[in-house]
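The hints should help you fit chain L onto chain F, whose structure is shown.
These are the residues of each chain, in order.
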Amino acid sequence: MEKKYTINFTLNGKERTVETTAGTTMSALLREILGNTGTKVGCDIGDCGACTIIMNGRAVKSCILPAMKADGADIVTIEGLGGKDGLHPLQKKFVEYAAVQCGYCTPGMILAAKAFLDENPNPTEEEARIAISGNICRCTGYVKPVLAILSAAEEMRGGSY
Amino acid sequence: MNSKPEAKRIEIPAPASWRKLNVVGKSMPKVDVINKVTGAAIYTSDIYPPDMLKGHIVRSRHTRARIISIDKEAAMKVPDVVDIITCFDVPEVHYSTAGYPRETILGVCPNVDPRFMEDRTLMEKEVRYEGEIVALILAENVQAAREAESLLKIEYEVLPHVADTKYALSEEAPLIHGGTGKNVIQTEMSYGDIEEGFKKSDFIFEDSVSLQGQQHTCMETSCSVAQIDPSGKVTLWSTTQVPFHIRRNVHEVLGIPMSKIRVIKPAIGGGFGERQMVQNEILCVYAAMRTRRAVRIELTREENIAYTTLRHPADITLKTGVDKNGKILAYQMYVRSCAGAYSGHSNYVTKAMCTKNPYKLGSMFFHADITFTNRPDSGAYRGYGNPQMCFAREYHFDRIAKELGMDPSEFRKQNLVQVGESNPVALKSDWVLQSNGLEACIDAGKEAIKWKERRQPNGSKRYGKGMSAALHVTGISAEPDFSSATIKLNEDGTVSLMIGSPDLGQGCDTTHAQVCSETLGINLKDVNVISADTDVTSFDGGSYSSRQTFVAGNAIILAANKVKEKVLKYASEMTHQQLGNLDTYDGWIVRKENGRRIVSMADLAYFAAYKAIEPIHICESASYNALNCPPAFAAHFADVEVDVETGEIKILNFVAAHDVGKAINPDLVTAQVEGAIAQGIGYTLTEDMIYDERAKLLNNSFTDYKVPRSTDMCPIEVIVVEAYEPSGPYGAKSVGEMAVAPVAPAIANAVYDALGIRINSLPLTKEKVLAAIKEKEGKTSI
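As they're listed, the protein sequences go chains F and L. Numbering of the first sequence is given in my numbering, commencing with residue 71 and proceeding in unit increments. Numbering of the second sequence is given in my numbering, commencing with residue 166 and proceeding in unit increments.
One chain only, chain F, in its complex shape (with noise of 0.2 Å):
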């Protein structure tokens, strides 16, 4: 039996306190013990960029990332995003501009542009293309998601968000 340790984080804004190995990877802790499995896994090696979620308000590809890392951390997953009060920008208009397809690529693809947005709110298109460059999308040839990522910048520049 693996030896088993007890980390703490808060995920999505709620404290958690769960025990993990020093072999398992945050993606595996989020799908296979919270059971939130809108943290997709494309590669398992960091490729791809599926696996996205927001560490301490940075994006981290969360399929090598030892899960005992986030002991202490901030977590925001594709599932805190929106919060109860309804979609946030970036979902609202991935859902206007049709720029989610078969959907895999969406969650990682949404954390980044977020975790990047926050910290550049008004970038040009190139910059919107650079921060998804690690996110892998098979569907869409990436025209949909770049514009709804800059109209969405748009609206977080004059909202609350």
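Since the hints were derived computationally from the structure, they do not count as laboratory data. None of these values were measured; they are calculated from a predicted model. There could be a bad hint or two in this list.
Distance condition first, Cα-Cα at most 25 Å in a straight line; then the derived SDA-like pairs of lysine to any residue [claimed, not checked]:
(1) L/Lys933 with L/Asn623
(2) L/Lys653 with L/Asp698
(3) L/Lys219 with L/Pro395
(4) L/Lys191 with F/Ser221
(5) L/Lys318 with L/Gln308
(6) F/Lys162 with L/Ala205
(7) L/Lys219 with F/Gly116
(8) F/Lys162 with L/Asn688
(9) L/Lys931 with F/Asp117
(10) F/Lys139 with L/Gln308
(11) L/Lys489 with L/Tyr917
(12) L/Lys615 with F/Glu195
(13) F/Lys74 with L/Asp216
(14) L/Lys871 with F/Glu196
(15) L/Lys933 with L/Thr851
(16) L/Lys219 with F/Glu166
(17) L/Lys219 with F/Gly105
(18) L/Lys611 with L/Gly491
(19) L/Lys871 with F/Ile134
(20) F/Lys139 with L/Thr465
(21) F/Lys162 with L/Lys931
(22) L/Lys944 with L/Glu568
(23) L/Lys185 with F/Lys139
(24) F/Lys74 with L/Lys871
(25) F/Lys74 with L/Tyr213
(26) L/Lys219 with F/Ala98
(27) F/Lys162 with L/Pro431
(28) F/Lys162 with L/Pro831
Selected chain L positions facing chain F (Cβ under 10 Å, derived; list incomplete) [said to hold, decoys possible]:
(29) Lys347
(30) Thr386
(31) Pro395
(32) Thr835
(33) Val838
(34) Gly840
(35) Phe867
(36) Val872
Beta carbons are placed, not taken as given, at the ideal position from N, Cα and C, and that holds for glycine.
Then chain L, alone, in the frame of chain F:
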């Protein structure tokens, strides 16, 4: 020749003057999108039944070998290992990985030895490619399974292998399927007198090209989860495009009655053809039967890239005879495609290369060598043979046009098949082409790309523009194709639409809901789509061959009209108005002549269920048998910059003009085109399957297999031409597969325009472009 484009003649049959399309033609948000942006959508890989075992596939390290024995004793002693299944355990039932029924296989391809078509069991005793399955370890966790794998004693007799198609066709090559006498399925098709055609030609051109394999790289890797309840009922969740084909295959191989098999396709992370076949579903159910536990078989990304099917590598030689005005008189195709170890879709894909052609050819001859090798199988991939042949043909025609001194767009336009002529995709039927917006696509595309304007060289940069034209099927062209739909009216006036074909992300749940709500005269929000669940929905072959909007859409119209007929009958009883004066629109029963609202659909539904003299549950099903396969058309244009010092190709602008018949949902149409162009750009510039001499794939990760990222893309302009198709639902044809085929030749022809160099193989890597430039410079300096 210069007739008015079909696009400008849209007519919707028999609308009353007040009645406009209410739902169809609008960019409605997708019906499943809220769950996808919030992370609530459940994919197969998100399903973790309690007490589930992980299925770990043990793969052959040898390219070709006979398995003499497998000793599982030590491996079974590893804690947490529950069962190990090998080739000595599985049922001796052969099936085709293509998933099609036996009758179809033999009916469509009567010239093919059936031994080629139903060519494998779940695990073969002779492995035929590196990485082929030799055992399945079922364990509580992956770590235990891996340890067990290291203790599994497999005795192989290593056999000589065939790494490539050229060797496969040689005399000395070993037979991959013993007893068949050869490593090739040969097939030929023709019409007209080709010899006479060449004799009459003023010029004859010949070109050979070579196309590489391509991986779908769906973002969710292939996954199956099977659970069997104590009564014996199987529930199978799968990343599949063909739930009903999967149900039939599970039934045939494992002997379970269909009533005891429920196949569900939950949300799916991509399809693109990879899942138009049997993946690991049968094995997953078999493992669940043996262990009496839920079982999950999920591929790693590395397995998914290396060992799932790929786009067929192909070598193609074309020979075309034209008269001095550029009219095509004779057209000959030779294709050598790499099937891999098992035939699967190879026979169909390779044959499909013959007919996906938007031109009048005078006379035609097609020969294919569908060649077996000891490589992972090639299979269905978006375009189904079209991208390979489209590259060959449009590369070849571009050269013909240039050498005849013609504008490449004019050469193409003057040879286009026209409305009223034979439908080119239907070799054996008398289908007639009823719509064709390709000429309008070419004209609109030329204008958007500024066809006549060329940039001057700048330093090491050279500039060029290129184009291509293509056609793709709308549904299966070579066999009977049908879909069915079931619609039930709830007591509050909302409906449930049950449809068998899966939404793969392309949005057919949404377009189907739009067709349903338009026909029934209700709001889109009142349509609940339930798709791809074999216990609930009516039968459908699946999502492939660009068939959903057309074939399933027509079935939905038939079913919706039957529901509407019942609705109006009860509305007449309820309102005491003449049946013939009633219609439905926007959620209301209305007067037919002016659209005046009489009673809401909600009140009518409640009346029919609870107040009518003879209460009724209004629920109707209908099947639609495709009466035509109306092709979609497209013309693509690329504006490129090539750096002669580095060989780098930069696409400055890409224009894609598409005749889709009618855009049921315009945003979803442009989304399909944009995504397909990205896959086409990957195919053209960076994606390649690189094998070593043992036919082992060397680049099995996203690090080494380069699919386009956001920073690799170019501006894309999509032009939607709506050439109304009389047989289509609201005039619609297809778009999803169409858009990938013309990308590569448009770019390659632009590169020729920039450099004066034709590169006859893909991908156009920097190294290849630079080598071609150096070769040309070498020749010119001598």
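| task | Output the numbers, in ascending order, of every earlier hint that fails for this structure. | result | 16, 21, 23, 24, 29 and 31
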